[in-house]
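For reference, the chains in residue letters:
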Amino acid sequence: MIPNTVKRYFQKEFNGWVIVSILGAVVILLPILFILSSLLHEPNENWYQIRNYLLSNYVANTIKLVVFSGVFSAILGVSLAWIIAAYDFPLKRFFRWGLVLPLAIPPYIAAYTYRTMLGYTGFVQTTLKNEFNIHIDPELISVSSLRGAIFIFTIFLFPYVFIITRAFLENQSTSYIENARLLGQKPFAVFTKIVLPLSRPAIVGGTVLVIYEVLSDYGVTSYFGVHTITTAIFQTWFGMYDVNTAMRLASWLMVIVVGLFFLERLLRQRRRYNVNNKSRPLTPIKLRGLPSILAFVYCGLIFSLGFLIPIIQLIFWAKLTFFNVWDNSFFLLIYQTLYVALIPTVIIIIFSVIVANICRSQSTFSYILSKWVTAGYSIPGAIIAIGVLAMFISLDKWLAPFYSMVGLGDAPLILSLSLIMLIVGYAIRFMATGYNAIEVGFEKIGTKYAEASRLLGYGITKTFLKVDLPLIKGAILSGAILTFVEICKELPLVLLLRPFNFETLATKAFQFAKDEQIYEASIPSLFIISISVVSIIVFQFVGKKVK
Amino acid sequence: MNIIEVKKLNFSFSRKDNLLIKDLTFSIKKGEIVGVLGQSGSGKSTLLRLISGLEVPSSGEIIIAGNTVVNENVFVQPENRGVGMVFQDYALFPNMTVKDNILFGLSKMNKKDRVLRLNEMLELVKMEEFAKRYPHELSGGQQQRVALARALAPKPNLLLMDEPFSNLDTDLRSSIREELKLILNKANITCIIVTHDRHDVDAICTHSIQMGKVLMEIK
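The listed protein sequences derive, respectively, from chains A and B. So the first sequence is numbered by the numbering used here: it starts at 1 and just counts up by one. So the second sequence is numbered by the numbering used here: it starts at 1 and just counts up by one.
Mixed in with the good hints, there may be bad ones.
Below, simulated DSSO-like cross-link-like pairs (lysine-lysine); rule was C-alpha separation at most 30 Å, straight line [unchecked claim]:
id : chain 1 : residue 1 : chain 2 : residue 2
1  : A       : Lys-462   : B       : Lys-108
2  : A       : Lys-444   : B       : Lys-99
3  : A       : Lys-473   : A       : Lys-7
4  : A       : Lys-64    : A       : Lys-193
5  : A       : Lys-466   : B       : Lys-108
6  : B       : Lys-112   : A       : Lys-466
7  : A       : Lys-444   : A       : Lys-466
8  : A       : Lys-448   : B       : Lys-29
9  : B       : Lys-126   : A       : Lys-448
10 : B       : Lys-30    : A       : Lys-448
11 : A       : Lys-129   : A       : Lys-514
12 : B       : Lys-16    : A       : Lys-7
13 : B       : Lys-29    : A       : Lys-12
14 : B       : Lys-29    : B       : Lys-108
15 : B       : Lys-108   : A       : Lys-473
16 : A       : Lys-7     : B       : Lys-126
17 : A       : Lys-448   : B       : Lys-7
Some but not every residue of chain A turned toward chain B, in silico, with C-beta under 8 Å [said to hold, decoys possible]:
id : residue
18 : Asn-4
19 : Thr-5
20 : Tyr-9
21 : Lys-193
22 : Pro-284
23 : Arg-288
24 : Lys-444
25 : Leu-456
26 : Tyr-458
27 : Gly-459
28 : Thr-461
29 : Val-467
30 : Pro-470
Listed next, with one range per pair, are the computed distances between beta-carbon atoms [said to hold, decoys possible]:
id : chain 1 : residue 1 : chain 2 : residue 2 : range
31 : A       : Lys-193   : B       : Glu-137   : 42 to 52 Å
32 : B       : Glu-5     : A       : Lys-448   : 23 to 33 Å
33 : B       : Gln-77    : A       : Tyr-298   : 51 to 61 Å
34 : B       : Asn-119   : A       : Phe-261   : 54 to 64 Å
It should be emphasised that the hints constitute simulated quantities derived from the structure, not laboratory data. Even for Gly, the Cβ is constructed at its ideal location relative to N, Cα and C.
Work out the full structure: start from the sequences and follow the hints.
Right under this line is the structure:
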C-alpha cells in the first residue's frame, strides 16, 4: 500500500518545478562537498606548518571575536530594543528606525573610517592636540587590534539583535509585561524576570546573525591585522595558491559554524512563545526628568557612533577628493558593481520563486529543500568562495578535452577565470535573502487562490503566472532589492572569486583603504552606504514583514 | 448514471496518524445534491480535497463521470478532473474584478463563447450590475454568488461546496439557502455540499452522508 501512496504523491507533486529545484539544490551543495572532500586528501606541508604553529591562534582569535562581539551586540541590541519598545522620550520615534542605520555601513568601511579618525593624524587626536593641547597615548584609542575589531562589529552589527528583539517586544509581549506591571513588579524586575527570558528566541536569533557576519568577515580583521581562520584562508590562497590547504581551513571554519548551529538550537530549546499577530502593541510609558535624558543620551550616543560620526567624516573626506575619484573609471566601477549584482539577483529571485512555490506543500521534502537552499547565508563567504573555486577548477579540468577540441589550448582555465564563478558564489551565499522575502509573500497569500485556479483548469505554471505572481510581486521586489544591496556590500567573496583586475565599489573602497588612500576610499564607500540605506528604507517601510 | 463513485477511500495526514477517512464508499447520480455532515475534524473538507485532487488518498478509488481520477496506479491532476469548487472563504482572486474572476476558468473557449457564458453566469447569480467590482467591494453573500458563478462557468461535471454558509450572518442564511437551491436546480448540476448544520441539508440536499457512518438517506 505504501509504495502505491508514494507513487501517487510522486504523480501529484513531481513536475518541472521540482526538477529545477533539485538541480539548483545540488549546485548549492556541491561547493560544500568539495570543501569536505578536502579532508579525504593527504594534507601537504603548508597544512602541517599552519596546524603546528598558527591554527590555534587563528581559532582562538576567531572564537574571541565571535564571543565578545556576540555578547556585546546582544547587550546593546536588547537594552536599546527595550528602551524603544517600553518608553517614550524625546526623539524616540526617530531612534526607532535611526538605530537600524548602522547596518547600512559595512564593517570594513567603518573599520578604516574609525582607524583614520582615531589615528595620530586623525580628527580626534589633532583636535585634542591643536585646540586643547592635550596629548594622549595613541595606543589608548587605537582600534587596530582585536579589541578594535570587537568594537566595530558591536557598533555596526548590533541592529540585527535590535530589530528582531524590538519587533518581538513591541508586538508579542504586551500581555505578559502588563501583567507583570499589574502584579507590582518594578521596571528593572520586569526587564530581568519577564522581558529577558521571553525574548530569548529573538535575542538568540539576532545574535546568531551577528556571529555569521563576524565569521564571514575579512575586511575588518585583515585591515586591523587580526588573524582569524577567514584571513588565513585568504593568505593560503593569495600567498601560496594552495587550494587544498585553504579548503582544509575552510572545513575547520565549517566545524565552528555547525557547532554554532547546534548551540543555537540548544539555546532556543524549542522556546517559541505563542505568537499572536492580533495582540495589542505595547503601550510605552512616558519618561520624565533624568531617566528621559539618560534614555535620549544612550540612544543618541550609539546612533552617533554607529552612523552620524562616520558619515560626517566620510562626507568630509569625499569633499576633499571628489574630483580625483569622480571620473570615467568611477562610472565603470559603478556599472560593474551594478551588473555583477544584478545578474545573481535575477538568478536568486527566479530560483527562490520556483523553490518557494513548491515548498508551499509543507511536506518533509519541502522543509528540507527550503533549509538546504538557504543554508548559504550561515556559511561564511570565504568557505563558499573556496568551495566554488575548487568546484570550477575541477570543472575546467573535466572540460579540458572539450577546450582543446575547440582550439582553446591544452588544459586552460576558462570558467575559473570568468565572472561566472563570482556569480555562482553570490547566488549560493545570498539565496536566503531573496528566498525568505518570497516565502513570506507566499505565506501571506496562502494556497487557496492557487487551489482555486487549479480547479478552474490551470496547471502549476499557468497558475503561478496568472494568479500567484501578481499577488506576490511586492514580496519579489522587496526580496530583489534586499538581495541586490547585500551583494553590492559583500567583500570576501568578491575578493576571492573576481576575475583578474575586475573591480567593484566594495573592492575599490577596500583597495584604497589598504593602500592608505583613505580619503579616496570615502566616495565608493558613501555610494555603498547610500545603496544600503535604500534597502533599510524598503525593509522598514515597505516590506515590514520581510526578514 | 453515477457522476461520482468513491470506493473504499482511506486517508490519513501521515503514516503515524490514525485514518481520518476509513473505507468510505458512496456514489452520487447526476443532478443529485448531497450534503456531507459531521463534526469538525471528521474529514468533511478533506473528502472534498480528495475528490478535487488537492490531497492524495492513502488508498481507494475515485471515479468522476466514468473516468478514474485516482486509484492504485492513477493520479489525475486537479486541473484535469472537471470538478468545480466553492471554497469556504470563496478564494476570489483579489486582484481581479468579478468579470475577470468568472472569465478565468473559460480560457479554453473562443472569445464569443466566453462572453456568452460570462453573461449567462452573471444572470444566473443575479450579479450583472457588479461585473466591474472587485471582491473586496462586495458583501459576503455577493462574494459567494460570484464564487459559485466562477465554479459553474467551465461547466464542471461535479460541484463541490465547502461550508458555503459559514461566513454569512445567521439572518442571511435562510434567504441565501433558498437562493442557492434555485441556482443549483437551474444549473442542473451534481453537487456535494459540506456543512455542519443539518438545516442546510434539509433545505437544499436530496441526500446526505454522515462522515464516519454509513450512507444515510434523509429524504
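Point to revise | Hint numbers contradicted by this structure | key: Numbers 3, 16, 21, 22, 23, 24, 28, in rising order.
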